[in-house]
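Enquirer: Residue numbers (our numbering), protein chains in the order written: chain A, 1 to 170; chain B, 171 to 459.
In case anyone wonders, no lab produced these hints; they're calculated from the structure. If you're wondering where the values come from, they're calculated on a predicted model, not measured in any experiment. C-beta atoms are modelled at their ideal positions from N, C-alpha and C, and glycine is treated no differently. A couple of the hints might just be wrong.
Per the computed footprint, the stretches of chain B lying under chain A, defined by three or more beta-carbons under 8 Å from a beta-carbon of chain A, are [claimed, not checked]:
#	stretch
1	213–222
2	227–233
3	307–320
4	342–355
5	406–420
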Amino acid sequence: MLRKIVVTVFILVCFVLQCSVSVALAGIIPNLMIILTSSFGFMRGEREGLLIGFFCGLLNDIFFGGFLGFYALLLMYIGYLNGKFCRIFYPEDIKLPLALIVVSDLSYGIICYILTFMLRGRFDFAYYFLHIILPEALYTIVVTLFFYPVILKVNEKLEGYERKRAQKFV
Amino acid sequence: MSPVIKRKGERFTLPSKYLLFILTVLCTVLMLITFGTDVFNRPLNVVVGYVIVPFQQGIEKVGGWLSNRSEELVQIRKLLDENAQLKAEVAALVEENTLLQQDKYELNKLRELFELDGQYAEYNKVGARIIGRDSSNWYSSFLIDKGEEDGLAVDMNVIAEGGLVGRITSLGPNWSRVTSIISDNVHVSAMTLSTEDNLTVTGDLKLMAGGCITFGQLVDGQNLVREGDKVVTSNISDKYLPNILIGYISSINKDANNLTKSGEIIPAVDFEHLGEVLIITDQKKAVTE
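Can you make the complete structure from the sequences, with help from the hints?
Expert: Listed below in structure tokens is the structure:
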């Protein structure tokens with residue numbers, strides 16, 4: 001129960017921050033939703049990753065999507081695939097999380113480009129990659145360095161709390 | 171043991187691949203349904219409106235306050251210089267204004283004669299504050315802090331600084347989404363003010379950094395349209411009210427087909443620094459079939 005509340009608060013805070021004008025740097029905003037979805041994916045497994053991705057995406061769809069379901073589907077698969085790496089994840093290691101988040105954000109950007117831009121006849125992939133996708137990924141990585149330890153710490157606290165409760169019931 | 175339901179203590183949990191499959195189907199169905207209709211928009215917009223929008227309003231206030239303070243410090247010196255300049259300008263404008271007043275008086279009289287006042291009457295406007303921007307880097311839409319409860323509706327035109335910003339594309343009880351005309355997937359039917367030639371204004375992500383938008387489909391047989399001409403919304407647009415300023419033509423090129431022209435427009439609105447916008451609550455009369 002506590003986990004659900006905490007995760008909901010995380011999703012809301014991420015979304016509100018991402019929409020606020022103040023986080024933009026040179027017109028580019030970091031993708032906090034990806035950080036959240038991937039982190040919970042590789043920390044907690046496929047199930048949690050895909051659920052968090054789904055709700056993050058749905059929120060995005062409601063406010064900014066032309067129709068419902070597109071971002072929800074995309075983020076859900078990103079969360080699910082990140083969950084596959086749960087087995088080789090160690091909390092002490094920061095290289096795997098960084099790599100996973102960068103790859104997730106790049107693929108998110110490229111899929112967005114293909115489905116919403118290339119299909120409308122905007123073919124200059126090099127331009128969009130260098131001016132939108134890559135800067136977003138770099139900015140996201142910088143934010144990850146500060147944001148990921150917070151998520152990790154909160155998750156450890158939650159797991160500790162859950163263990164204690166489980167013991168109490170036994 | 172059944173593959174669908176795994177027993178874990180007393181609780182049943184669905185394996186994640188089945189959950190993934192179910193949610194994928196759900197998303198696909200949602201996409202298919204909401205592509206053409208907006209049946210789910212009502213309840214969802216209401217719910218998220220009450221959960222998210224208060225946070226956004228708060229954070230926007232804090233962010234706005236911080237950036238205002240830092241800007242104030244930088245700008246005091248600049249403002250002093252500007253003040254002197256503006257005073258001189260005011261004197262010139264007052265003189266010009268009296269002349270224009272006389273013209274206006276004459277114009278009004280003529281309009282009455284032609285009974286055209288309906289078309290050019292001032293629109294009713296409502297002010298609103300921007301509380302959030304698009305969460306992706308691909309499109310350019312933003313959220314404002316007024317919605318259905320303030321009498322807004324989808325397709326109402328939004329202006330700022332005297333120029334067209336965009337139109338409302340989605341709304342909840344206390345928020346609405348404005349899709350701006352510089353967004354990559356938006357087309358606006360427009361015309362040049364001087365020659366009344368129709369053209370289509372299209373947003374372009376590539377030119378957004380340079381503050382430009384593109385236009386095309388301009389049929390200008392007599393070569394009268396020049397750089398610097400004003401572009402306004404056209405009479406034939408079915409979403410936008412006529413004669414709202416969009417911007418000024420900055421370059422014109424002939425298309426390969428030798429019939430139409432295209433080029434770039436500098437918008438009248440500074441989209442980088444929008445804080446408040448005005449919503450025109452009058453809507454274009456739709457022809458019902």
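Enquirer: Now tell me, hint by hint, if it's right for this structure.
Expert: For each hint, the structure was consulted:
no. : hint    : in the structure
1   : 213–222 : holds (count 5)
2   : 227–233 : holds (count 3)
3   : 307–320 : holds (count 5)
4   : 342–355 : holds (count 3)
5   : 406–420 : violated (count 0)
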